[in-house]
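J.: Could you put the whole structure together from the sequences, leaning on the hints where they help?
Going by my numbering, the first residue of the sequence shown is number 1, and it counts up by one from there.
Keep in mind that the hints were calculated from the coordinates and are not lab data. You may find that some hints are simply not true.
[To be verified] Derived pair list, reagent style DSBU-like, types lysine-lysine, alpha-carbon separation capped at 30 Å:
(1) Lys190 x Lys252
(2) Lys129 x Lys147
(3) Lys56 x Lys85
(4) Lys189 x Lys210
(5) Lys189 x Lys252
(6) Lys231 x Lys255
(7) Lys244 x Lys255
(8) Lys238 x Lys255
(9) Lys252 x Lys210
(10) Lys180 x Lys210
(11) Lys189 x Lys170
(12) Lys147 x Lys170
(13) Lys166 x Lys180
(14) Lys210 x Lys255
(15) Lys231 x Lys248
(16) Lys238 x Lys252
(17) Lys238 x Lys248
(18) Lys91 x Lys56
(19) Lys210 x Lys248
(20) Lys180 x Lys129
(21) Lys210 x Lys147
[What the hints assert, rightly or not] Each pair of labels, with its calculated beta carbon distance range:
(22) Gln197 x Ala160: 18 to 24 Å
(23) Thr175 x Tyr270: 50 to 56 Å
(24) Glu196 x Gln271: 50 to 56 Å
Remember, predicted model here, so these are calculated numbers, not experimental data. A virtual CB, placed ideally from N, CA and C, is assigned to each residue, including glycine.
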Amino acid sequence: MSGLGRGLDSLIPTGDDKQESGLTEVSVALIDVNPHQPRTVFDQDDLEELASSIKKHGVLQPLVVSPEGDHFQLIAGERRLRASKLAGLAKVPVIVRDASEHEKLELAIIENVHRANLNPIDEAISYRKLIEEFSYTQDQVADVMGKSRASVANKIRLLALPTDIKRALKDGKITEGHGKALLSIEDPKKQLIAFEQILSGDMNVREAEKAAQIHNNPTKKVKPEQDLVTKQLAEDLKNHLGSKVAIKNSAKGGKIEISYYSQEELARIYQRIKGV
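T.: Laid out in structure tokens, this is it:
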């Protein structure tokens with residue numbers, strides 16, 4: 001591993017350092033995209049908005065590239081490159097740096113993760129690539145990305161989900177929390193049922209987690225939550241009896257609890273009930 005966890009800041013010069021930084025302008029036609037770019041989805045509206053800004057103000061932060069023969073390979077800044085092309089720019093400011101293949105991947109991931117540009121699946125694929133292709137450990141990935149090892153491990157586990165669910169995660173149709181809940185459902189058919197419920201908008205993350213517990217432990221008794229009707233009944237009884245009332249539901253029915261604090265109060269409650 002390169003120990004490159006210092007990130008992009010170490011490659012982008014400031015102040016007087018710019019003269020010796022390799023900062024220059026190159027033709028957009030000479031910049032090839034990074035084959036290790038972890039980000040695969042670029043929002044068109046977002047690109048057009050950035051292109052509009054670039055037309056007015058130019059590219060405020062230079063791209064980072066490495067020399068590749070008579071061309072340059074992009075290390076960081078593909079979104080800016082795409083937007084610059086949309087804006088009609090012939091050249092863009094770049095910082096030229098020599099970088100190994102795993103440094104290019106690491107920097108590309110750092111840029112996207114730190115800017116929250118990666119969806120959970122692309123981020124997980126990137127972590128796995130660092131591990132499988134560049135011999136990183138999960139601890140090293142976590143250190144470079146500024147995350148906990150558990151966070152990295154949980155992200156990679158999302159790749160075990162079925163293709164349709166991973167696609168939904170990638171497209172933002174379900175959240176990472178939903179994905180983790182679905183991952184814990186062991187039965188593929190039940191997992192698909194829960195997934196379809198989430199897509200229809202009938203299940204939030206907490207409900208998905210509860211569904212996973214039920215699917216994995218079908219014989220386990222789950223205490224149903226009080227609905228609005230039950231709460232209203234308890235409130236009506238409280239007002240009628242003049243004492244605190246709790247209605248507790250269970251799988252086989254439930255019970256009503258009436259609180260009293262003296263024999264006189266008990267007698268009063270009894271008379272109220274008897275007179276109903």
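J.: Work down the list of hints and note, for each, if the structure agrees.
T.: Hints, verified against the model:
About 24 Å separates the Cα atoms of lysine 190 and lysine 252, which keeps this hinted pair within 30 Å; it holds. Only pairs whose Cα atoms come within 30 Å are accepted, and lysine 129 paired with lysine 147 is accepted, the gap being roughly 17 Å. With a C-alpha separation of about 14 Å, the suggested pair lysine 56 and lysine 85 falls inside the 30 Å cut-off, and the hint holds. The straight-line distance between the Cα atoms of lysine 189 and lysine 210 is roughly 17 Å, inside the 30 Å bound, and the hint therefore holds.
A threshold of 30 Å between alpha carbons decides the hint, and for lysine 189 with lysine 252 the separation of about 27 Å falls inside it, so the pair holds. Simply put, lysine 231 and lysine 255 have alpha-carbon atoms about 13 Å apart, close enough for the 30 Å limit, and the pair holds. A distance of roughly 14 Å separates the Cα atoms of lysine 244 and lysine 255; the hinted pair therefore holds under the 30 Å criterion. The hinted pair formed by lysine 238 and lysine 255 meets the criterion: a straight-line CA distance of about 15 Å does not exceed 30 Å.
In summary, the hint linking lysine 252 to lysine 210 is supported, as the alpha carbons are separated by about 19 Å, within the 30 Å threshold. For the given pair, lysine 180 sits about 12 Å from lysine 210 by alpha-carbon distance, which is consistent with the 30 Å threshold. Annotation: proposed proximity of lysine 189 to lysine 170 holds, straight-line Cα distance about 21 Å (limit 30 Å). Restraint check: the Cα-Cα separation between lysine 147 and lysine 170 comes to about 21 Å, which is no more than 30 Å; the hinted pair holds.
For the suggested pair lysine 166 and lysine 180, the alpha carbons sit about 11 Å apart, so the restraint of at most 30 Å is met. Our distance criterion of 30 Å between C-alpha atoms is met by lysine 210 and lysine 255, whose separation comes to about 24 Å. Using a Cα cut-off of 30 Å, the hinted pair lysine 231 and lysine 248 holds, with the two alpha carbons roughly 10 Å apart. A C-alpha spacing of about 24 Å is found between lysine 238 and lysine 252, which places the hinted pair at or below 30 Å, so the restraint holds.
A threshold of 30 Å between alpha carbons decides the hint, and for lysine 238 with lysine 248 the separation of about 14 Å falls inside it, so the pair holds. With a CA separation close to 15 Å, the supplied pair lysine 91 and lysine 56 stays within the 30 Å bound. Proximity of lysine 210 to lysine 248 is assessed by CA-CA distance (about 19 Å); at most 30 Å being required, the pair is judged to hold. At roughly 21 Å between alpha-carbon atoms, lysine 180 and lysine 129 fall within 30 Å of each other, so this suggested pair holds.
Annotation: proposed proximity of lysine 210 to lysine 147 holds, straight-line Cα distance about 27 Å (limit 30 Å). Taking the beta carbon of each, glutamine 197 and alanine 160 are about 20 Å apart, inside 18 to 24 Å as hinted. Checked against the hint of 50 to 56 Å, the pair threonine 175 and tyrosine 270 passes, with Cβ atoms roughly 52 Å apart. Between glutamate 196 and glutamine 271 the C-beta distance comes to about 54 Å, which sits within the given range of 50 to 56 Å.
Taken one by one, the earlier hints all hold for this structure without exception.
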